[in-house]
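*Asks:* Below are the chains, spelled out letter by letter.
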Amino acid sequence: MSGALAVFRREARLALRQSADSVMVVAFFLIAVVLFPFGVGPEPNTLARIGPGVIWVAALLAAMLSMERIFQADYEDGALELLVLAPVPLELTVLAKVCVHWLTTGLPLMVATPLLAIMMNVPLDALPVILLTLALGTPILSLIGAIGAALVLGARRGGVLLSLLVLPLTIPVLIFAVGAIEADLSGLEVKAHLMLLGGLLLAAVALTPWASAAAVREAVA
Amino acid sequence: MATFLGENIECVRGERLVLQGAAFRVQSGDALVLTGPNGAGKSTLLRLMAGLMRPVGGCISWADTDRFEDIAEDSGAHNQRVVYVGHADAIKPALSVRENVTFWAEINGGGGLDSDAALMALGIPHLADLPARYLSAGQRRRVALTRMLTTKAPLWLLDEPTTALDSAAATLLSDLIKSHRAQGGMVVTSTHTDLGLDNVLRLDLSRVAA
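So the protein lines, in turn, are chains X and D. Note that this note's numbering numbers the first sequence so that position 217 is 217, with each residue one more than the last. Note that this note's numbering numbers the second sequence so that position 125 is 125, with each residue one more than the last.
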């Protein structure tokens with residue numbers, strides 16, 4: 001356990017010293033959402049209608065930008081094979097890396113969301129539910145992304161391949177997240193959608209570290 | 001008294017037979033030097049010994065007073081007894097030298113020297129607070145070698161440890177290997193230069209390779 005904490009501390013320290021990466025993810029998120037009013041026209045009702053979906057899809061694409069980083073640097077400088085050889089279970093190491101990935105992408109995306117919700121004319125009453133879906137959903141993206149990031153290690157153009165692998169797997173997250181927001185906007189019960197999202201998160205926490213760790217072991221062999 | 005042994009090891013990489021019939025037997029206090037031309041399979045054998053890869057044929061096992069097992073059976077236990085220093089230095093340029101050394105000490109469970117003492121043993125205590133991006137190739141190698149000293153792991157696997165080292169550092173390294181052996185440790189190293197070790201076992205892979 002103390003080994004996993006050491007990984008967490010190192011990753012967090014690296015992320016803080018290379019914070020430009022997180023800034024870039026948030027900047028992409030902002031720009032991607034801002035493009036929509038230009039594309040579909042500034043009509044407030046249209047924007048309010050598509051707002052939650054646009055925010056979620058943009059968050060998904062933005063999270064995708066940074067996923068390759070989860071293992072890439074460690075793979076290139078040889079640290080990954082040493083992490084595989086370390087007495088710390090590789091699954092815990094992966095989980096520590098995913099935590100830091102979420103703190104440096106998922107969390108900043110959530111912080112930027114209220115601003116974008118206002119820009120997209122989404123009713124502010126829906127904001128708590130939007131943030132709740134992001135809080136439950138973005139960790140799932142980081143967890144699934146870690147599998148993809150481990151699978152594309154050593155591949156050329158890994159970033160594009162990673163998106164092709166991971167994006168289809170995130171469709172359930174998108175469906176339940178936007179479903180919850182739509183339900184809230186039309187005055188229906190949101191609990192079922194949120195519980196399904198929570199269930200997905202729990203399943204992802206329990207299962208994905210094993211898959212990522214297996215892919216990492218394969219990559220360094 | 002522990003024994004680390006391999007029998008009839010075969011390994012295939014990229015559909016090419018890299019190792020065939022390699023065998024070794026290393027006991028506490030022994031040093032095994034792997035020799036052979038480039039491509040003979042020295043690095044591959046070290047990676048097999050570390051447990052990063054599995055051999056296609058043959059077995060690598062560890063015998064102790066209380067057990068005898070294939071290293072693949074309990075990789076967690078094997079990870080506790082191995083330090084592997086490969087070609088890549090695994091040094092993060094954004095962290096200071098001390099932070100790099102301390103991280104690997106924590107990850108590997110500690111039990112050896114602390115980071116400052118390990119840097120002192122490799123003759124680079126003055127670099128501790130420097131960001132690792134400013135290190136020269138030889139200094140990076142010295143930092144990578146501190147990983148051997150910050151744990152209690154008995155088995156050192158060193159893949160061409162003298163690459164980029166100056167003669168003073170090479171002498172330091174051979175002294176460290178000597179004291180590790182004197183304390184009952186084992187060392188397996190591939191090298192093209194003479195480390196000045198006495199009483200070593202040798203495995204010439206040029207004859208073993210297919």
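Simulated from the structure, these hints should not be mistaken for laboratory data. Owing to the predicted nature of the structure, the values given are computational and were not obtained by experimental measurement. Any given hint might turn out to be false.
[As the list claims (entries may be wrong)] Here are some chain X residues pointing at chain D (derived, C-beta under 8 Å):
{"id": "1", "residue": "Val84"}
{"id": "2", "residue": "Ala86"}
{"id": "3", "residue": "Pro87"}
{"id": "4", "residue": "Arg156"}
[As the list claims (entries may be wrong)] Chain D side only, calculated, beta carbon under 10 Å to chain X, not exhaustive:
{"id": "5", "residue": "Asp89"}
{"id": "6", "residue": "Glu106"}
{"id": "7", "residue": "His192"}
{"id": "8", "residue": "Asp194"}
[Stated by the list, open to error] Chain D stretches covered by chain X per the calculated footprint, using a threshold of three residues with CB under 8 Å from any CB of chain X:
{"id": "9", "region": "18-31"}
{"id": "10", "region": "59-72"}
{"id": "11", "region": "80-88"}
{"id": "12", "region": "107-114"}
For glycine and all other residues, C-beta sits at the position ideal for the given N, C-alpha and C.
*Asks:* So, for every hint listed, does it hold in this structure?
*Replies:* Now for the hints, and whether the structure bears them out:
no., hint, in the structure
1, Val84, "holds (7 Å)"
2, Ala86, "holds (5 Å)"
3, Pro87, "holds (5 Å)"
4, Arg156, "violated (17 Å)"
5, Asp89, "holds (6 Å)"
6, Glu106, "holds (4 Å)"
7, His192, "violated (20 Å)"
8, Asp194, "violated (26 Å)"
9, 18-31, "violated (count 0)"
10, 59-72, "violated (count 0)"
11, 80-88, "holds (count 6)"
12, 107-114, "holds (count 3)"
Figure legend: structure checked against the earlier numbered hints; hints not met, in rising order: 4, 7, 8, 9 and 10.
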